[in-house]
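The chain contents come next:
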Amino acid sequence: MKELLFGAAYYDEYMPYDRLDKDIEMMKKAGINTVRIAESTWSTCEPQEGVFDFSHVERVMDVMEKAGINVIIGTPTYAVPAWMVKAHPDVIATTKKGAGIYGARQIMDITNPVYLFYAERVIRKLMELSAHRKCVIGFQVDNETKYYGTAGKNVQLAFVKYLREKFHDDLDAMNHEFGLDYWSNRVDAWEDFPDVRGTINGSLGAEFEKFQRTLVDKFLSWQAGIVSEYKREDQFITNNLDFEWRGYSYGVQPDVNHLHASQALTVAATDIYHPSQDDLTGTEIAFGGDMIRSLKHDNYLVMETQAQGFPCWTPYKGQLRLCAYSHLASGANSVMYWHWHSIHNSFETYWKGLLSHDFAENDTYREACIIGKEFQEKGSHLVNLKKKNDVAVMVSNEALTALNWFGIQATSGDNGEIRYNDVVRWIYDALYRMNVECDFVWPESENLSEYKAIFVPALYAAPDSTLERLNQYVKDGGTLVVTFKSGFANENVKVHADAQPHILKDALGISYNQFTFPREVKLSGKLYGTDLADGEGARVFMELLKPEGAEVLAGYDHYNWKDYAAITRNKYGEGTAYYLGCMTDDNTLYKVIKGALGSAGVELSGYSYPVIVREGTNDFGKTVRYFLNYSAEEQEVTYKYDDGEDVISGEEIKSGEELKISAWDMRIVEA
Amino acid sequence: MKELLFGAAYYDEYMPYDRLDKDIEMMKKAGINTVRIAESTWSTCEPQEGVFDFSHVERVMDVMEKAGINVIIGTPTYAVPAWMVKAHPDVIATTKKGAGIYGARQIMDITNPVYLFYAERVIRKLMELSAHRKCVIGFQVDNETKYYGTAGKNVQLAFVKYLREKFHDDLDAMNHEFGLDYWSNRVDAWEDFPDVRGTINGSLGAEFEKFQRTLVDKFLSWQAGIVSEYKREDQFITNNLDFEWRGYSYGVQPDVNHLHASQALTVAATDIYHPSQDDLTGTEIAFGGDMIRSLKHDNYLVMETQAQGFPCWTPYKGQLRLCAYSHLASGANSVMYWHWHSIHNSFETYWKGLLSHDFAENDTYREACIIGKEFQEKGSHLVNLKKKNDVAVMVSNEALTALNWFGIQATSGDNGEIRYNDVVRWIYDALYRMNVECDFVWPESENLSEYKAIFVPALYAAPDSTLERLNQYVKDGGTLVVTFKSGFANENVKVHADAQPHILKDALGISYNQFTFPREVKLSGKLYGTDLADGEGARVFMELLKPEGAEVLAGYDHYNWKDYAAITRNKYGEGTAYYLGCMTDDNTLYKVIKGALGSAGVELSGYSYPVIVREGTNDFGKTVRYFLNYSAEEQEVTYKYDDGEDVISGEEIKSGEELKISAWDMRIVEA
Amino acid sequence: MKELLFGAAYYDEYMPYDRLDKDIEMMKKAGINTVRIAESTWSTCEPQEGVFDFSHVERVMDVMEKAGINVIIGTPTYAVPAWMVKAHPDVIATTKKGAGIYGARQIMDITNPVYLFYAERVIRKLMELSAHRKCVIGFQVDNETKYYGTAGKNVQLAFVKYLREKFHDDLDAMNHEFGLDYWSNRVDAWEDFPDVRGTINGSLGAEFEKFQRTLVDKFLSWQAGIVSEYKREDQFITNNLDFEWRGYSYGVQPDVNHLHASQALTVAATDIYHPSQDDLTGTEIAFGGDMIRSLKHDNYLVMETQAQGFPCWTPYKGQLRLCAYSHLASGANSVMYWHWHSIHNSFETYWKGLLSHDFAENDTYREACIIGKEFQEKGSHLVNLKKKNDVAVMVSNEALTALNWFGIQATSGDNGEIRYNDVVRWIYDALYRMNVECDFVWPESENLSEYKAIFVPALYAAPDSTLERLNQYVKDGGTLVVTFKSGFANENVKVHADAQPHILKDALGISYNQFTFPREVKLSGKLYGTDLADGEGARVFMELLKPEGAEVLAGYDHYNWKDYAAITRNKYGEGTAYYLGCMTDDNTLYKVIKGALGSAGVELSGYSYPVIVREGTNDFGKTVRYFLNYSAEEQEVTYKYDDGEDVISGEEIKSGEELKISAWDMRIVEA
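Protein chains in written order, with our numbering: chain E, 804 to 1474; chain C, 804 to 1474; chain A, 804 to 1474.
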């Protein structure tokens, strides 16, 4: 990327009156240099079957080009027109809930040939008129693509064919791997295959979801292939990958395998939404950025993030700017808002853009003007920030899906049930608050040896090869931190029939075959020489560990479980492996992480939340360090690095100097 | 009305054994002079298609006529017989949930011609035998009519035709007004119109609900037309209008536009159910009564209210009588219980009547005997109470529906979501507790100038003409109190593209374009010279107001929002306009109301809850004042009016005298 | 039964690898002498229609027989193979939710002839190869059979025929009994009968559920008939009856009439699951055991109970053994775990057996080894324990169903709604904690006179004959304790039209016709000479009782309800009848029970929870007394009976000696 992209999604189609010239004027004032257009506007581009009207697209490109603003073209395929569904109702995905009904976006069967036929035609028409345009810098194929639960007859038929291939037509092998003898679920003729939507077998169900995720890979690859026929070499292809949604971007996306799906893209992009006001911590910005950057080990685009967003997110003074720089601090090369203007009708009326419904300047827009100006002036120091992290976190769609089937608490638990991403975020958030920057790796990643320490949260279902690679990683000198619920089942979600955790127990020096839920269970033992403070303890889930060579860092303070270990450390080959047999309070986790990073030779900066420090190397080969203050109070920290320069103010920063950071503000030092 | 009606719904059909003579005897003892019969008994009146058996109706009329008890005939159309549905399953409404199933009441498609054919026939048969009867004083067409979610193909086809007419066949106009470009929802051929049940477009969805409400108007008008062919001039036609149900009668009815529906009726009637025991406040009796009285600016009938009701409502001593007089105090000319006897089978077995299942005298019945005796003796002083109120509250079905689509908190809010009626009741209940009697007005009301002060809660969606009329009202000297979320969208639920609140901002002297949810936000500033007490603050929703001429009565006590106004007052023309930019605690609201009524020249009586004072003029031209004690403690208040007479006891009441009111009791003074 | 059965369900079919010999070895070590096999494995036994493969069954029988381990054969019919549903989709039950989908167990229509045809064939095949085997001691027909909501057209047609018979073709009688006039629900031609799934009429709905329960009786009887054609005389036929499931075995099973269903069985068996760890009280073991023992007034089998169970149930040290003896203490002749090994795939992966997924010894298995050894050594003293109880509790499926329709709190209550089994357990649990052993009786039981005291919780719907029998029981000298909500409706759930409680009021000497929900209502009056302590009071529901001869034991301490009685006692004939007009705190209930047992001449042992004492007579004619300690603390109690011997340790126990019982441990004394 030559420059930072600063911009917004722009919908000329949705305007209550012609605003284009005024909008351009306001964009220029705000330093906006990029807009994304056209995604989700199929019914405007093709109001009737075969009748095309790209006038909105063309007029926007014309004016943007003239104004020197880049355009990203989104293919309009993630929301289907009414005419298509009226003529071909099967275009709507049949899901577990049955046949769907027209109305919302993202409700079609992305394998339906009618849909694909019309989608290809409108994409080609759009490419013909946009690909050659100077202002067009790239393409977004579809939008936040997922499989939308598609599970109609055609999809299930394809799944059976997929299984025949996976099991080389061997039904016994399938019945055995999935355990279909249970509750009389065997399939002894392929043509007997039952409607998979009703299955209660987690192995079969998880396999179906894995198959459904491959439909997303295929769909994006197919669209990228079409776009590639038209695009110039300097134009990129991307898709805005998003996350598990819990009212904001929370964790690993259950419905897309990001690593696989991103193969079809020339650059990875993402949508990140996060709590704001008093709840702004920057965690989701870092989490999402670290993950998307790790897909291609390269800079990425933030294609969407909130401007005003939901009413509860209306940003406090400084927060919009703090967030913009937080994205850059993770390696983003763009900050694009969803969206320019608030929409006057329909579902997202209260998901507000930079401008409110009145299109007037407001506090949020005015803060964007400051960001835009700074990006223009200082962007060359900030773009293409490269990172070299010592720490990685391993995540897995397969583990997530399997734990969705089984829960970390099965039925009848007293505590709230938690899921895979809760464990991932428990680990990640602690690292984040301790200012340990990290990459993500996946079960199939071959680059484990690049890292000094790898954290493995709840890797419930994984092939032996991954577990063996992790053992080898320790043997070769790596530091591994594994949590409960790892190595429990194989890639077909069949629980292992040897002692737990399967294979990993060699590196970890422990085993167990019983577990329970903690009820008022504290942790006992001296953890690194310190007595455990009150209130620390086991949470949610606990395994009853028996050390087999490992050192016990903590046990369970409970009359019935006192003989079992809770947290252990084991020397294995040249490396060290830690195991957390239970979820714990944050303080205990901090201590484990600190110890593990000590083992790994990773030095802690000493800074801690609410001051977040993130760094990388810029195009000038210099180190750029962000000091981000996620609090309403001014923070003062000692600048511990080489003498440098404040990128925004230009003032000189001496090593050892006290850096003051205002509330919801940041400092950037290049050294 | 010549006399107060006191009575109950009576179902001879449901009796476990022949009770008629014994019931008449007990009714006479209780002073009951009216029964309502026949509604909901279609399967008894027409046990097989075309086979009629009105023997229950006839024998009840015979005996009542002999006993001098009035009869109101209800048409039996709100519950359909099994034989009809077995032969014509389409009679059951298809709704958002799909095809329905026989069983409950109020499940049919009120536009279905099969249903209408049979309904007309049974109505005519019933009219033929009842209309000429001396005892029959009026007719209730159907019962608590609503549209029951009817949304089958026929209804949707009619809706498309309605839209073609509304938009003069101009699809572009419709697409523009409803914002259908969004998420590719455009309709560019009428025959492509999608199943509206799936829409995520609040403009289209709200329009469909408005259309569905017109079906109720048409249905009642059609029934009233049939009945009119038979009825005598002295006989009335009514329907028992009810309210949003939250376990009791809570607020504006979402599924019926009372103002429109009541056009077909010669007198308005209502069903009012309310909390009891410690939760009895009288608010719902006043709210419902004020609303139904305002429909025709005339006295109304209470067609149903609770006797024993739910088990949790079994009334304390005095409460049945207190409630009966509370209805009269709002202008009711009747108190009719649902129902005479408790039912021995089916859905409402635990919704108990005056008599329990054993038909014996009980405490509730005995209290009814007292009421009946007093009505007989003193009713001539109490019937036809006329009111002339200075204050009105504007309510709107369209605002309610729109806010059902959008919520007052959109997604992701921390506080509990509230809805339109919560805002209406927040305002109304404060007025009630301050003893400010009021009428209701609607967006189309032309009589605004009759009022000194008008309160406008959350008028989210309204045509410009209404907003302009409100501005003119202020300009002409009125006092207007508007809350947050008013004037936000037009009548098609399209958010206005100028500064908020649209049009009203002229009278209010403020504008805003940002808003959020308060989190620990107090109010700042001196409100009428008094420091704000602890605990007062913004609740649920807050707009960030910029005064443009208005005086700031309160601001937000929060570091990030401190520059914005929360409550304002503005002189405009001859009048004054107040704006509440947020929901507040009750004390703050009381202060705003007090100030506004001061501006309006409306004097407060000084009485306050739990003593409720309500008044009007009787047929003798005298003022009748009710002093109602909604508490378990005796209350003593000073009688501040002209010398008068206690209507019940006949004792003389001197101005300035202390009036004692026993627990759950009341005094009525005529002066 | 000649010996105690100790064992587990065993699924050779589910094994990840061949384990049979190793499992036999571990079973023998644990003293296991019985396994149950084959239930739920239809798809393994008949992998394709008409293709049978019983190799798993045969090889297990072979090896068990050789090892001297008994086998119980379960017919595999409670989960259907995929091939059957693919060919005959109607096999899946249509329920209130519509057509079903293949996947789970217990989803078929147990009246479907296709299902019955295939079921009969596979049962006969299985019988042919297993019935003659020496190791096979009995048969379990189907598994936890219920009716699975089956309500398709065929079932509804059969229901109409059932109604024609019940009402002798008299529609008027049906309309009257069910109150179908209400809401126009009359049926005046049998062919008009509507889809009963939509009914809102509790009388009709409850009758349908009663009819559905008869389908279970018929189905089990049909299977038992087939099995009887093959079985030897020494072999038993049973079915594992289970309970209302609230995450564990809670109360009366709503979907099966145990008394009727068990007619087809030669011995009653049951599945009992219960809370564990700190929540282990033994209540469910006693409740379930008392109920199943009462079905045939004989010993019963515990066919399933938990080993490790859910993760939250992983037993503390001692608890597995304590529970095993608790079953025997109620009269069980077996303790069988579900199941031997934890399953590696599918729905119950986390419902763990004696062995974990690794098949290794673990703490739970090791405790089973102790139990097995003790059973082998001392079982002859413990098997066939006979009881003669003075106290009975009357339970009723019909009352349960009716109260499911109506709730004990109808709509709009403030307190949490409770249901029938809450009242049953409120009474039973108090008796249990006071160490009052009891039997269960049913409305049709003829043996009431065997008991000195009978408790009747919430017998909402019952025929007059039952109520008359209860009155006669008192007249003849019995002590009766009846709670609120008894005698309210007849067997057709038609509320009685005379004063409540119908018929019973004669024995009880009270009546009422009003009731409400208590809100801060204490109880007043001196109950047995003792002032009521703070905190005691009415809960959930209260009837406003008028004494008509009865003595008032407690009234309501509330200004409006103070004139009514809450708890009463009445002499009637030779006996005494108590009435609880409200639910109360436990202490008040204990006092009522103590008083009632005093009236009945039932002596209290003086022991109380957490020490539970249960007794019976063994095959040697001696009294065996269990002293069970349900707590984490050692308990010491005085042994008050004849000198005897500790069955486990053999040590002598003197009358008056202090018995020490360790935490989660027990003592058994034979005297």
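These are calculated hints, taken from the structure and not from any lab test.
Since this is a predicted model, take the numbers as computed values, not measurements.
A hint or two may mislead.
When chains are identical, the list treats them as one kind, so a pair holds in a single copy or across two.
Stated by the list, open to error - Straight-line C-alpha distance at most 30 Å; calculated DSBU-like pairs for lysine-lysine:
no.	residue 1	residue 2
1	K1120	K1349
2	K1181	K869
3	K1325	K1021
4	K832	K1365
5	K900	K956
6	K1325	K1120
7	K1191	K899
8	K1443	K928
9	K964	K1190
10	K964	K1397
11	K825	K1191
12	K889	K1176
13	K1325	K1176
14	K956	K1191
15	K889	K1443
Quiz item: Of the hints given before, which are not true for this structure?
Solution: 3, 7, 8, 9, 10, 11, 12, 13, 14 and 15
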